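Work out the full structure, taking the sequences as your base and the hints as a guide.
In order, the protein sequences belong to chains U and P.
The first sequence: position 433 = 433 (the numbering used here), numbered continuously.
The second sequence: position 221 = 221 (the numbering used here), numbered continuously.
No lab work stands behind these hints, which were simulated from the structure alone.
No experiment lies behind these values; they were computed from the predicted model shown.
A portion of the hints provided could be inaccurate.
You can't tell identical chains apart in this list, so a pair holds if it fits in one copy or across any two.
[Claimed, not checked] Subject to a maximum C-alpha distance of 27 Å in a straight line, what follows is the list of computed DSS-like cross-link-like pairs (lysine-lysine):
| id | residue 1 | residue 2 |
| --- | --- | --- |
| 1 | K241 | K142 |
| 2 | K151 | K378 |
| 3 | K75 | K312 |
| 4 | K31 | K251 |
| 5 | K241 | K41 |
| 6 | K241 | K75 |
| 7 | K136 | K31 |
Number of protein chains: 2
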Amino acid sequence: MRLKHTLLLLSPVFLYNIGFSQSNDSLMLRKITNDIMLNGKCYGYLDYLCNRIGARLSGSPQAAAAVEYTYQTMKSLGVDTVFKQECMVPHWVRGEKETAKILSDNSGEFNASICALGGSVATPPEGITAEVVEVKSWDELKKLGLEGKIKGKIVFYNRAFDETQIQTFHAYGMAVDQRHRGPSEGAKYGAVATIVRSMTNKLDDNPHTGAMHYVDSISKVKVPCCAISTVGAEQLSSLLKTDAHVRFYLKMSCQTLPDEKSYNVVGEIKGSEHPEEIIVIGGHLDSWDLAQGAQDDGAGAMQSLEILRVFKALGIKPKRTIRVVMFMNEENGLRGGTKYAELAKLNHEKHIAAIESDAGGFSPRGFGITGSNEVKTKVRSWANLFFQYGVYDFTGDEGGADIEQLKEQGANLFGLMPDSQRYFDYHHAATDTFSIVNKRELHLGASAMAMLVYLIAEYGL
Amino acid sequence: MRLKHTLLLLSPVFLYNIGFSQSNDSLMLRKITNDIMLNGKCYGYLDYLCNRIGARLSGSPQAAAAVEYTYQTMKSLGVDTVFKQECMVPHWVRGEKETAKILSDNSGEFNASICALGGSVATPPEGITAEVVEVKSWDELKKLGLEGKIKGKIVFYNRAFDETQIQTFHAYGMAVDQRHRGPSEGAKYGAVATIVRSMTNKLDDNPHTGAMHYVDSISKVKVPCCAISTVGAEQLSSLLKTDAHVRFYLKMSCQTLPDEKSYNVVGEIKGSEHPEEIIVIGGHLDSWDLAQGAQDDGAGAMQSLEILRVFKALGIKPKRTIRVVMFMNEENGLRGGTKYAELAKLNHEKHIAAIESDAGGFSPRGFGITGSNEVKTKVRSWANLFFQYGVYDFTGDEGGADIEQLKEQGANLFGLMPDSQRYFDYHHAATDTFSIVNKRELHLGASAMAMLVYLIAEYGL
Chain U
1 MRLKHTLLLL SPVFLYNIGF SQSNDSLMLR KITNDIMLNG KCYGYLDYLC
51 NRIGARLSGS PQAAAAVEYT YQTMKSLGVD TVFKQECMVP HWVRGEKETA
101 KILSDNSGEF NASICALGGS VATPPEGITA EVVEVKSWDE LKKLGLEGKI
151 KGKIVFYNRA FDETQIQTFH AYGMAVDQRH RGPSEGAKYG AVATIVRSMT
201 NKLDDNPHTG AMHYVDSISK VKVPCCAIST VGAEQLSSLL KTDAHVRFYL
251 KMSCQTLPDE KSYNVVGEIK GSEHPEEIIV IGGHLDSWDL AQGAQDDGAG
301 AMQSLEILRV FKALGIKPKR TIRVVMFMNE ENGLRGGTKY AELAKLNHEK
351 HIAAIESDAG GFSPRGFGIT GSNEVKTKVR SWANLFFQYG VYDFTGDEGG
401 ADIEQLKEQG ANLFGLMPDS QRYFDYHHAA TDTFSIVNKR ELHLGASAMA
451 MLVYLIAEYG L
Chain P
1 MRLKHTLLLL SPVFLYNIGF SQSNDSLMLR KITNDIMLNG KCYGYLDYLC
51 NRIGARLSGS PQAAAAVEYT YQTMKSLGVD TVFKQECMVP HWVRGEKETA
101 KILSDNSGEF NASICALGGS VATPPEGITA EVVEVKSWDE LKKLGLEGKI
151 KGKIVFYNRA FDETQIQTFH AYGMAVDQRH RGPSEGAKYG AVATIVRSMT
201 NKLDDNPHTG AMHYVDSISK VKVPCCAIST VGAEQLSSLL KTDAHVRFYL
251 KMSCQTLPDE KSYNVVGEIK GSEHPEEIIV IGGHLDSWDL AQGAQDDGAG
301 AMQSLEILRV FKALGIKPKR TIRVVMFMNE ENGLRGGTKY AELAKLNHEK
351 HIAAIESDAG GFSPRGFGIT GSNEVKTKVR SWANLFFQYG VYDFTGDEGG
401 ADIEQLKEQG ANLFGLMPDS QRYFDYHHAA TDTFSIVNKR ELHLGASAMA
451 MLVYLIAEYG L
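Next comes the structure, spelled out in structure tokens:
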């Protein structure tokens, strides 16, 4: 494209009327954004976290290194208080790289790209080989189960993302039940293992891991479970159409070790007028083990750190207390978020707002809000201040897993909503690396958060 | 991220009231979008254009192949009319890969990544070596020029993108004057060549080409001109700080051959009620020669093709005529756009709207509008129909270079505005390849265009 036109004149007057009282805020928000776009360190923090520390599953040495790195970074920013909150976390390890094959008497033998789901038990050392039954719904599974057609088989959950969902998180929400309870549902009817189609919009050969839960009330039997790449899922499904006796071989050596000690990392700037009113901002520090956890959730954690940096750099003294938290163990236990909420309750703290960034470091588009109608109305009255930054959508109710438990303590929850189109291309897969993060998008997300934090600190909720 | 929340309930009631008359439109727009997201061929078209045909600078065999490919594709879609519009286009060729070195007596010799700007003359076969003068403004150039400090030197234009501009097209607009008229401005004061910092937000070692213009009224001397990567620009600037006599060597063998015959490709679906009212939709088929021209503008051209596909696939009979145009030679001459406008005038055609997609295939965020206030008000009254698709911004005035000349014939101009953050990372550089395009983002852009086309065809302007 060449530039032929005059510059865009942003005049969202048909959306909202801008009152005089907002013009000072508008200047401050511009100042915050300019500083982040020109001097922000968020991208540099993420570079370190991804390229120097790397994958940091709870209980791993890398998770411990990430705790130390962010603790020292917060210290270096000169905020009022920096501390760690101890919590015990699960320690699951993948073991040797998984192997899998599709075996068809008609068509031959094919390697398949799989990975164990987080929390899965191992296969026996020699692996498991069994015929495959493909299902797309729980009804289908139940019907086959009651007919005895699941017993001794491997269940293959192959319900794909609904591509007509504009928000990819909706498509995820409509498919991820297969990953979560598929293993126990399969075991209930005698399955010996389960395979789930990777949770992604993209057709490629990367398997995507993620949490699953053995649910005792469904079945007390724990069967090995893995995710298969979407290309593998398509191939397996296609082979099953011509050969009902296709077998699958998988070998996994993952195991759950004793819980490890870990920490949330907390940094705080005390409020100048209402120090007792706390605004929590966070992302999670842990990631899955297959990649660097750049978008999930290095981005959100480092954006949260950036809030502290920009407030200190600009000498902004927030009227209410700002507390940034690097939550531990969001991916497979939520122990950090749970511990944080427990301590908040124990200490009779008053959390007026909790803001999480855990949907990627892509261009910000809005915030989900969970709170009273009054709070929603108040926040939406600020929307025109965000419009020129491409942040326009305050209609959703997204929050974040780590902050969810603060709701019952009266906190209003906010979730940063970035553009979601590319998120599941990388989510929980080996491709979630620093190289896929765009600096400006990441910094604009941090800026959107900083703006919201500033306004809440200034005006309360 | 794990999904902890209920699905997003989109309720933009605070933005607009949805009237009853819009509910049928809403259903039709959903149908159009669903078909594009599930069955769209846009991504496949772009794959072919990029990976089978490749870079297609005006006058090249690849540009001719792209004409033939899109002509045949339109034919295969079974639209009412498909034809070509002949036009003569410039034929500039890069020649051998350029070489360049930074030479400093203090610091040594360094290779530099450069590319000739489109339209540049060659250096002598032995290259040019001269001292470098860095400037960031025309005032600075003029001052140095009047002091005789430009004569015999190479001018290095190093005004960077303004990172505080949220829309990267604004930053581009504020810097690209250096590329356009830098060569003539330098020549005016006796420069022997000019270098310009690549037009990008990204710090990397890829040079970005683009058009320049020798302006006779500024200087009749044509000097060779190139773009240097941002990494190279930073290095050169840094060396100049400690050594004022840094020299630069460049060798380029580009040349302008005689004009070639080429074509716009046009496909039309006749309007059922007002066939005389024409809605033009387009992108440009030509690209720079360094890469596949995926985002610029394979994306926009193929999105336009997709409009024809989806209207035919769903059997939509538009009330007004829809005409999709693959414009030729946007990058270095605009001959296709000019020819199209000439013929429209000659044939007394009535173009009510012209819609261009030439800002990349990223997630759509809105449309710029150039038209009367009545037209803007009318289009903005449709905005709530777009909101759930992430398309919310109708405040800008972007159009498109190819359609610009239809304005004086009374056409209202519309430019698709995708998210702009990543666009200039790739623009006119070797990295603008198919692999950086996200299928869903591309298809959502096509969907936004198809929705706007549907509404204009239905209701006029």
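Results of checking the hints against the structure:
1. In this homomeric assembly, K241 and K142 come within 27 Å of each other (Cα to Cα) only inside a single copy, at 21 Å, whereas the closest approach across copies is 74 Å.
2. Taking the shortest alpha-carbon separations for K151 and K378, neither the intra-copy value of 56 Å nor the inter-copy value of 62 Å comes in at or below 27 Å.
3. Only within a single protomer do K75 and K312 lie at most 27 Å apart by alpha-carbon distance; the minimum there is 12 Å, versus 62 Å between protomers.
4. Within a single copy, K31 and K251 get their C-alpha atoms no closer than 55 Å, and across copies no closer than 44 Å, so neither meets the 27 Å cut-off.
5. Proximity of K241 to K41 under the C-alpha cut-off of 27 Å is restricted to the inter-copy arrangement: shortest distance 26 Å between copies versus 53 Å within a copy.
6. In this assembly of identical chains, K241 and K75 lie within 27 Å of each other by CA distance neither inside one copy nor across copies; the values are 60 Å within and 35 Å between.
7. Taking the closest pair of Cα atoms, K136 and K31 come within 27 Å of each other only across two copies (24 Å); inside a single copy the shortest separation is 51 Å, beyond that limit.
Hints 2, 4 and 6 from the earlier list are contradicted by this structure; the remaining hints agree with it.
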